[in-house]
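Novice: Each chain is listed here by its residues.
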Amino acid sequence: MTLRHRVIACLDVAAGRVVKGTRFLDLVDEGDPAELAARYAAEGADEIVFLDIAAAPEGRGTLLDVVERTARTVFVPLTVGGGVRSVEEMRDVLRAGADRVSLNTAAVADPVLITRCAERFGRQAVVVAIDARRRTAGESWEVVVRGGRQPTGLDALTWAGRAVELGAGELLLTSMDQDGTQAGFDLAFLHAVSRRVPTPVIASGGAGGPADFVAAVQEGGADAVLAASIFHRRLVSIAEVKSAMAAAGLPVRPVGGLAA
Amino acid sequence: MSAAGPRLALLDYGAGNLVSIEQALVAVGAQVGRATGPADLRGVDVLVVPGVGAAAPAMARLAESGLLEPVREWLAAGRPYLGICLGLQLLFEASDEDGARTFGRLPGRVERLAGVLRLPHIGWNSVERGGPHPLFAGIPPEACFYFVHSYAGLPPGGLEHPAVLGSTTHGGSFPSALVDEALVGVQFHPERSGPDGLRLLANALAILGGSTAFRPSPATAGPA
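Protein chains in written order, with my numbering: chain A, 159 to 418; chain B, 29 to 252.
You may find that some hints are simply not true.
Derived DEER-like restraints, expressed as beta-carbon distance ranges [stated by the list, open to error]:
(1) Gly186/B / Leu408/A: 27 to 33 Å
(2) Gly319/A / Gly186/B: 51 to 57 Å
(3) Pro309/A / Pro162/B: 41 to 47 Å
(4) Pro309/A / Gly94/B: 49 to 55 Å
(5) Ser298/A / Arg140/B: 51 to 57 Å
(6) Arg129/B / Ser298/A: 43 to 49 Å
(7) Pro169/B / Pro309/A: 20 to 26 Å
(8) Val245/A / Ala67/B: 24 to 30 Å
Chain A stretches covered by chain B per the calculated footprint, using a threshold of three residues with CB under 8 Å from any CB of chain B [what the hints assert, rightly or not]:
(9) 160-174
(10) 217-230
(11) 280-288
(12) 361-369
Here are some, though not all, of the chain B residues that point toward chain A, as calculated from beta-carbon distances under 7 Å [unchecked claim]:
(13) Val47
(14) His161
(15) His177
(16) His189
No lab work stands behind these hints, which were simulated from the structure alone.
Quick reminder that beta carbons are idealized off the backbone N, C-alpha and C, glycines included.
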């Protein structure tokens, strides 16, 4: 057999709680991150991602506590992103129990941060998250930061290639146009990045139904697929996604750890 | 060894996430302490060496903490050692990743995975076994384990080397589970591989500690 395509459950965390709503507004408390991570792991998630969407310096201790509680109860990989700005902060998150750290805004502001983190912890521990918005004309995307609120002028494909050259071991690609729409991933964006870089890429933003995940891999070239709200609201289960992927001939790890 | 089972030292040399492996060892019933210096190895029965990343900084940090020579002596004495990911890679002679000289307890070098488009190798993959072995007792052949690496140790003869117990395919095939006397090494992360990973950890400790006291935690174990 070969490497399985990962189905990743993402939890937006603020002040130590899972929140949802629209992604950055009208946040509603949805529960304890460690408990929800355990639920997703039991339902067959191949990896859990925590995104600290508040990313406030005063909340770091709370985040580290959540990471450690989760790592002590959930035996699947955990990636943590949001507000990591230095090698020391990355070290703290890893020591709390994260396997990998995702860099976003800080990497755009200081690209060599990617290299410093990769040299210290290995490239496999460094995920670079790229939030992108489609430009009005043609197949071109712009990097946006601060949760999508701030355009950077950076071309997303150029930045993707640069991030990998600097040491990123994986890219987490979120289409801000599709995010929250349930209209499907931006397949053209995924395809444009995945054919350009030698690392794996994670598709994020826009998943509505199981067929969207299949398309992200088959048409977008994604190695892994991620969703937050549709899993959270139980609109689609991880098992349904994996069944659709398996039916399309894509290798997945069966839910429950047992062969289908 | 006490009646409660062997004592484990988890080598803490600043190599990232120790929480997961520590908790997984506790979940299978082990007594675990962290070893940050040579004194912490006293009275210890099994050394557990985790870690991710490159070999050179790991060897440098082991030297800084005074653990390099004690670990070398531990291996020379043939004492029980469980190596996970980088903890396995350090057992080979050297690493192509950064040229580091490593412990040389196993012959061969750590080489970049060959014949593959995308690296790192991140995610869940199978381990093909040559035959039944206590390390995989109770674990179905189709079980998946979590990998996150770009390099792997390759002994002379490759997968035919007698220490190689299992192999994994990503592009080409590489050894992913090795057993040699009192040494167990896995390239994947059993502590991040769900119930099958916990079962494998319990099996490894039973082999290394000469004890059958270990069991997957009832709360997390899948069907045996």
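Novice: None of the hints should be skipped; say for each whether it holds.
Specialist: Hint check results:
| no. | hint | in the structure |
| --- | --- | --- |
| 1 | Gly186/B / Leu408/A: 27 to 33 Å | 29 Å, holds |
| 2 | Gly319/A / Gly186/B: 51 to 57 Å | 34 Å, violated |
| 3 | Pro309/A / Pro162/B: 41 to 47 Å | 58 Å, violated |
| 4 | Pro309/A / Gly94/B: 49 to 55 Å | 51 Å, holds |
| 5 | Ser298/A / Arg140/B: 51 to 57 Å | 34 Å, violated |
| 6 | Arg129/B / Ser298/A: 43 to 49 Å | 48 Å, holds |
| 7 | Pro169/B / Pro309/A: 20 to 26 Å | 51 Å, violated |
| 8 | Val245/A / Ala67/B: 24 to 30 Å | 29 Å, holds |
| 9 | 160-174 | holds (count 5) |
| 10 | 217-230 | holds (count 3) |
| 11 | 280-288 | holds (count 4) |
| 12 | 361-369 | violated (count 0) |
| 13 | Val47 | 3 Å, holds |
| 14 | His161 | 19 Å, violated |
| 15 | His177 | 6 Å, holds |
| 16 | His189 | 22 Å, violated |
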